[in-house]
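Student: Okay, here's what each chain looks like letter by letter:
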Amino acid sequence: MADTAPPDRPPVVTGTRIVCAILLLAPFVALLWVNSYSRLTPAFIGIPFFYWYQLLWVIVSAVLTGAAYLLFRREEDRRKATATEAGR
Amino acid sequence: MTELAGQKVDAVSLTVFLLFFLAVTLVGFYAARWRRADNPLHLDEWGLGGRGFGTVVSWFLLGGDLYTAYTFIAVPALVYGVGAAGFYAVPYTIVAWPLVFVFLPRLWSVARSRGYVTLADFARGRYGSRYLALAVALTGILATMPYIALQLVGIQAVLDTMGLGGSSGFAKDLPLLIAFAVLAAYTYSSGLRAPALIAFVKDTLVYVVVLVAIIYIPIRLGGYGHIFHDAATALAAKNPATGAPRGSLVSGPKAQWAYATLALGSAMALFMYPHSATGVLAAKDRNTVRRNLAIMPAYSLMLGLLSLLGFMALSAGVGKGVAGYNAQLAVPQLFQQMFPSWFAGVAFAAIGIGALVPAAIMSIAAANLFTRNVYREFIQPRATPAQETRVAKIVSLLVKLGALGFVLGIDKQFSINLQLLGGIWILQTFPAIVTGLFSRWFHHWALLAGWAAGMAYGTWAAYGVAAAGKPHSHFGGGSATIPGIGQIGYIGVTAFVLNLAVAVLLTLLLRAFGSAPAPDETTPADYLVDGLPVPLPEAVVTPIAP
Numbered sequence: 000m001a002d003t004a005p006p007d008r009p010p011v012v013t014g015t016r017i018v019c020a021i022l023l024l025a026p027f028v029a030l031l032w033v034n035s036y037s038r039l040t041p042a043f044i045g046i047p048f049f050y051w052y053q054l055l056w057v058i059v060s061a062v063l064t065g066a067a068y069l070l071f072r073r074e075e076d077r078r079k080a081t082a083t084e085a086g087r
Numbered sequence: 000m001t002e003l004a005g006q007k008v009d010a011v012s013l014t015v016f017l018l019f020f021l022a023v024t025l026v027g028f029y030a031a032r033w034r035r036a037d038n039p040l041h042l043d044e045w046g047l048g049g050r051g052f053g054t055v056v057s058w059f060l061l062g063g064d065l066y067t068a069y070t071f072i073a074v075p076a077l078v079y080g081v082g083a084a085g086f087y088a089v090p091y092t093i094v095a096w097p098l099v100f101v102f103l104p105r106l107w108s109v110a111r112s113r114g115y116v117t118l119a120d121f122a123r124g125r126y127g128s129r130y131l132a133l134a135v136a137l138t139g140i141l142a143t144m145p146y147i148a149l150q151l152v153g154i155q156a157v158l159d160t161m162g163l164g165g166s167s168g169f170a171k172d173l174p175l176l177i178a179f180a181v182l183a184a185y186t187y188s189s190g191l192r193a194p195a196l197i198a199f200v201k202d203t204l205v206y207v208v209v210l211v212a213i214i215y216i217p218i219r220l221g222g223y224g225h226i227f228h229d230a231a232t233a234l235a236a237k238n239p240a241t242g243a244p245r246g247s248l249v250s251g252p253k254a255q256w257a258y259a260t261l262a263l264g265s266a267m268a269l270f271m272y273p274h275s276a277t278g279v280l281a282a283k284d285r286n287t288v289r290r291n292l293a294i295m296p297a298y299s300l301m302l303g304l305l306s307l308l309g310f311m312a313l314s315a316g317v318g319k320g321v322a323g324y325n326a327q328l329a330v331p332q333l334f335q336q337m338f339p340s341w342f343a344g345v346a347f348a349a350i351g352i353g354a355l356v357p358a359a360i361m362s363i364a365a366a367n368l369f370t371r372n373v374y375r376e377f378i379q380p381r382a383t384p385a386q387e388t389r390v391a392k393i394v395s396l397l398v399k400l401g402a403l404g405f406v407l408g409i410d411k412q413f414s415i416n417l418q419l420l421g422g423i424w425i426l427q428t429f430p431a432i433v434t435g436l437f438s439r440w441f442h443h444w445a446l447l448a449g450w451a452a453g454m455a456y457g458t459w460a461a462y463g464v465a466a467a468g469k470p471h472s473h474f475g476g477g478s479a480t481i482p483g484i485g486q487i488g489y490i491g492v493t494a495f496v497l498n499l500a501v502a503v504l505l506t507l508l509l510r511a512f513g514s515a516p517a518p519d520e521t522t523p524a525d526y527l528v529d530g531l532p533v534p535l536p537e538a539v540v541t542p543i544a545p
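Chain order of the listed sequences is A and H. According to numbering that gives the first Met the number 0, the stretch in the first sequence is residues 0 to 87, in order. According to numbering that gives the first Met the number 0, the stretch in the second sequence is residues 0 to 545, in order.
Hint data in this document are derived by calculation from the structure and do not stem from the laboratory. Wrong hints could be hidden among the right ones.
To be verified - Here are the simulated SDA-like cross-link-like pairs (lysine to any residue), alpha carbons at most 25 Å apart as the crow flies:
(1) LYS319/H to PRO244/H
(2) LYS79/A to ARG289/H
(3) LYS79/A to PRO244/H
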């Protein structure tokens, strides 16, 4: 990476960030693995599994992305607070 | 519905449609006066609405990028035509948001910090290469044209369904040309303000129509179970020429690579388009971007429900038994058949205006790209703002003419192919832009070579795809066999992988030979700016050695 990091920069990989990465990656794994959901049953109110499962993932994915956002922002705020303290 | 489109004109539908169309046309011209500018001749005014759009307007603009004729016409048409294979648009819009969540905030920050207006501006600043920026700009303009063409096809489907247009030749295309001229006129005079203001009308109409459609139509058709039963029967019908069934309700083993790569490739392409970038960069601050991304899945849900309209059209028997039926008509004709006349008129207005708004934003974004990254960079470096605005206005017309060329020149069996073709091209700018947001590892010449390889392969492969049932035709689809894997996949993703491989190899080579990368004008801090009042640099005018 060409970005020159300041010497006291906090670690790039943290527990929170790993959790965020998993939350953001989950929809990719679930939806690009087409064979895992390519079937008709069980149907829901007459809609075959293939369709309602993917529509359900719209909501699941939104929740996961939202969670990642909150976690990430909390860590960002914490970092900023630490940075301000260290700068004093 | 047994009669063909174009044989019956419903006066009520047509009147409602025309009233809405007239209203938005007036709004479009009035928009020039909305938040009137100090200097209406400046490109920032015409091309970015004076950069004064807040959260709400940005959201509508961004919504305009997803809610287009793609959503209303193209995706349901594909579902109508082939079944499950068309539903990839749903995973596409699902994975798009976690994907862009990772890089859009950084893009917004660096653009804010450095005053970038286009993605090509970023490429120029980050890699110090005006030629890489030129490649990004030209790709953006080229890829936008088929996407605008898709909007025109959508408008045409509505006009056809309403019975407008004669049986053949010039008379058939006349209503489309009129709609097109009106669009061009108010875009020319009002700039980005016109689609921004019309977007309010459009989204309201769209929400109403979608909600009514997904509740009312299934009730009339006897429920979803019945709809899918009918659809399965219709899709199982064998094509007499090939002996293969028309489609299926689930993605078969042979179609799954295509399904996944189409979804992934489309998601990666989404925010590389100039018009999407314009929508994002207009946002007020970094958290507005993130908040907007959090609400966007609401659009994905609507898109998913809308694509089910394709099955409803099958169940309702729309186009049944019509030889060479134009699948683009499936949704408008379904509306015509199911809704009372006046509401069908509202629905047609929603589709028509829903296509005009993005077409306007797209042509403006392409015009901005040309003006900033081609005209000022290579042709007239000392252009005055008034000159720039004039050039941008003219280019916005030329881009629409180019789109018209795509409409006339490409097989319209499935209009979604227009969007897929644009995607193949725009995806080739992904390595430079997205890796550039995180790292300067790549060498700009290597990125340029990778781009050229991806563009060449993608165009060649797409040229070789014949439309179904029409051997020797070209640009008939977005998928082809992936060399080395042997499965059918989206050409855009294959070309992207080739692009990336070339860029990595050449970067390693160039580094081994000690070729120095060009200077990078951005700093790590630029990527984290979060919208506090930052003094904007005048523009990206730092001189760069060629």
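Student: Run every hint past the structure and note whether it holds.
Tutor: Outcome of the hint check:
1. LYS319/H to PRO244/H: 15 Å, holds
2. LYS79/A to ARG289/H: At roughly 18 Å apart (the allowed maximum being 25 Å), ARG289/H and LYS79/A satisfy the hint.
3. LYS79/A to PRO244/H: 60 Å, violated
In the structure shown, a violation is registered for the earlier hint numbered 3 alone.
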